[in-house]
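Colleague: Go ahead and model the full structure; you've got the sequences and the hints to work with.
What follows is the residue order along each chain.
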Amino acid sequence: MKLLKIFFVLIVILNFFSIAFAEKNDQLTNKISKNLRCLICQGQSIYDSQSDFAVSMKVLINKKIEQGLNEKEIYEFLKDKYGEWIVYDTAFNKNTFILWGLPVLLFFLGGAIIFKKLVFRKV
Amino acid sequence: MKNKILIILLVFFLSFCFFVLFKSLESSGIYVPEKTENRELTEFVSKDLFSKKKITSSEIFQGSDYYILNIWATWCAPCRKEHPQLMELSKNSSIKLIGLNYRDDSKKAKKFLNKLGNPFSVNITDQNGTISIELGGYGIPETFLINKDKKIIKTFIGNLNNESVRQINLIVK
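If you read the sequences in order, they're chains A and B. Heads up, the first sequence is in the working numbering, so the first residue is -8 and it goes up one at a time. Heads up, the second sequence is in the working numbering, so the first residue is 18 and it goes up one at a time.
Treat the hints as calculated values from the structure; they're not laboratory data. Be aware that one or more of the hints could be misleading.
Claimed, not checked - Reference excerpt, derived from the structure (chain B facing chain A, CB under 10 Å, subset only):
| # | residue |
| --- | --- |
| 1 | R56 |
| 2 | P101 |
| 3 | N145 |
| 4 | G146 |
| 5 | G153 |
| 6 | G154 |
| 7 | G156 |
What the hints assert, rightly or not - DSSO-like mimics (lysine-lysine), calculated; alpha carbons at most 30 Å apart, straight line:
| # | chain 1 | residue 1 | chain 2 | residue 2 |
| --- | --- | --- | --- | --- |
| 8 | B | K64 | B | K132 |
| 9 | B | K19 | B | K71 |
| 10 | B | K64 | A | K54 |
| 11 | B | K171 | A | K72 |
| 12 | A | K63 | A | K85 |
| 13 | A | K70 | B | K64 |
| 14 | A | K72 | B | K165 |
| 15 | B | K167 | A | K72 |
As the list claims (entries may be wrong) - Residues of chain A clear of chain B, computed beta-carbon distances all greater than 10 Å:
| # | residue |
| --- | --- |
| 16 | K(-4) |
| 17 | L5 |
| 18 | Q18 |
| 19 | N21 |
| 20 | S47 |
| 21 | E67 |
| 22 | Y73 |
| 23 | V78 |
| 24 | T87 |
| 25 | K108 |
| 26 | L109 |
Because the structure is a prediction, the values reported are computed rather than measured. Glycine is no exception: its CB is placed at the ideal position from the N, C-alpha and C atoms.
Modeller: This is the structure we're talking about:
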C-alpha cells in the first residue's frame, strides 16, 4: 500500500513537470511565432495565420525548442532559410538603417522645431 | 524667406512621397525569398508514401546527377495543373524526381498518382509539414532543382509550366 502511494505521488509530480514544461514551450512558441511573418498571408504573423505553412512553422518551432534551441538560434535558423524578411523585429544593418534611423531623425527634427517655437515664444 | 524654405521643404517632401509610392506601384507586393538558390539541402527523415518505411534524405539523393523535389498535395489545384509538366520531366533520364506529399491523406495521394500517372521515382510524405519548412519551402506547389552535391540550384515557386520545363532541361543538358 505504501509503495502504491509513493508510486502515485511520483506520477503526480512527473505529470506536473511535464505539463509545466509543455506550457513553457508553448509560451515560447507563441512568442517566437508572433515575431515571424507568414509566408502565405504576408500581412499576418505566423501566430495569427491559419495557413498550412504557418501551422507547419509553429510545429517546427516547437520541435526546435524541444531539441534545445533557444529563441535567437531559432530566428537564425529561419533567417538562414528565408532571409531577414521573415522576422518583424529586423536587425540594424546596411539594408535597414533607413528603417531604424528615420523615426529617430524625425523625432529629433520635430523636437528641434517645437523647441525653437517655444524659445521664440518666450522671447 | 521663411515661407520660401517651407515651400521648398514641402515640395521636397511631396516629391519624396510621390517617388516612393510610384516605385511601389511597380512592385507586386508579394515577397519572393532572397535565398532561393545555391542553398545546401537540409538532411531529413521521411516515410515512403507506399511502403510507409522510414527513408533518409541521403538514401533518396543518390545515383543521379540532378534531382527534382516537388512539394505537392491532392487538395492543391495548381499541383494538378503542373502534373503534365512533371510527367514530361520524368522522361528525362538524367533527373530523378522526388515527390514530397505535403499534409495530405495518403489514400487520396495514392489515388491521385494512380489516376494521373506517377512521375516520381521516390514518393515521400510530410505529414506535419516540417520537412517543407526545413527545406525553405515557401508555398505549395514548389519545386527544387538539386545537383549531385545536394545543393538547391533553382527554385520554382508555384506551379511548373512549359517555360520552367525548358529552363530545367537547359540546366541539366
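Colleague: If a hint holds in the structure, say so; if it does not, say that too.
Modeller: Here's how the hints hold up against the structure:
A least Cβ separation of about 8 Å between B/R56 and chain A falls short of the 10 Å threshold, and the interface hint therefore holds. Hint status for B/P101 relative to chain A: violated, with the closest Cβ pair at about 24 Å, above 10 Å. Here the hint on B/N145 is kept, as its CB sits about 5 Å from the closest CB of chain A, short of 10 Å. Contact between B/G146 and chain A, as hinted, is supported at the beta carbon level, the nearest pair being about 3 Å apart and thus within 10 Å.
Hint status for B/G153: holds, given a least beta-carbon distance of 4 Å to chain A, under 10 Å. A hinted interface residue such as B/G154 counts as satisfied when its beta carbon comes closer than 10 Å to some beta carbon of chain A; here the least separation is about 7 Å, so the hint holds. At about 6 Å, the closest approach between the beta carbon of B/G156 and any beta carbon in chain A falls short of 10 Å, and the interface hint on this residue holds. Taken as a hint, the B/K64 and B/K132 pair is honoured in the structure, with Cα atoms around 22 Å apart against an allowance of 30 Å.
Taken as a hint, the B/K19 and B/K71 pair is broken in the structure, with Cα atoms around 76 Å apart against an allowance of 30 Å. The hinted pair formed by B/K64 and A/K54 meets the criterion: a straight-line CA distance of about 18 Å does not exceed 30 Å. A C-alpha spacing of about 14 Å is found between B/K171 and A/K72, which places the hinted pair at or below 30 Å, so the restraint holds. Between A/K63 and A/K85 the alpha-carbon distance is near 21 Å, which keeps this suggested pair within the 30 Å criterion.
Distance restraint check for A/K70 and B/K64: the Cα-Cα separation of roughly 27 Å lies within the 30 Å cut-off, and the hinted pair is therefore satisfied. A distance of roughly 20 Å separates the Cα atoms of A/K72 and B/K165; the hinted pair therefore holds under the 30 Å criterion. Proximity of B/K167 to A/K72 is assessed by CA-CA distance (about 16 Å); at most 30 Å being required, the pair is judged to hold. Every beta carbon of chain B lies more than 10 Å from that of A/K(-4), the smallest distance being close to 40 Å; the non-interface claim holds.
Under the 10 Å C-beta cut-off, the non-interface status given to A/L5 relative to chain B holds; the minimum distance is some 26 Å. For A/Q18, the requirement that its beta carbon stay farther than 10 Å from each beta carbon of chain B is met, with the minimum near 20 Å. With a least beta-carbon separation of about 17 Å from chain B, A/N21 lies farther than 10 Å from that chain, consistent with its non-interface assignment. A beta-carbon of chain B is positioned within 10 Å of the beta-carbon of A/S47; the least distance is around 3 Å.
Listed as outside the interface, A/E67 is consistent with that label: its C-beta sits roughly 13 Å from the nearest C-beta of chain B, beyond the 10 Å cut-off. Distance check on A/Y73: its Cβ comes as close as 5 Å (rounded) to a Cβ of chain B, failing to clear the 10 Å threshold; non-interface status is violated. No Cβ of chain B approaches the Cβ of A/V78 within 10 Å, the least distance being about 13 Å, so the stated non-interface status holds. Annotated as non-interface, A/T87 keeps its C-beta farther than 10 Å from every C-beta of chain B; the closest such distance is 13 Å.
Residue placement check: A/K108 keeps its beta carbon more than 10 Å from all beta carbons of chain B (closest about 13 Å). Distance to chain B confirms A/L109 as a non-interface residue, since its nearest Cβ pair spans about 17 Å, more than 10 Å.
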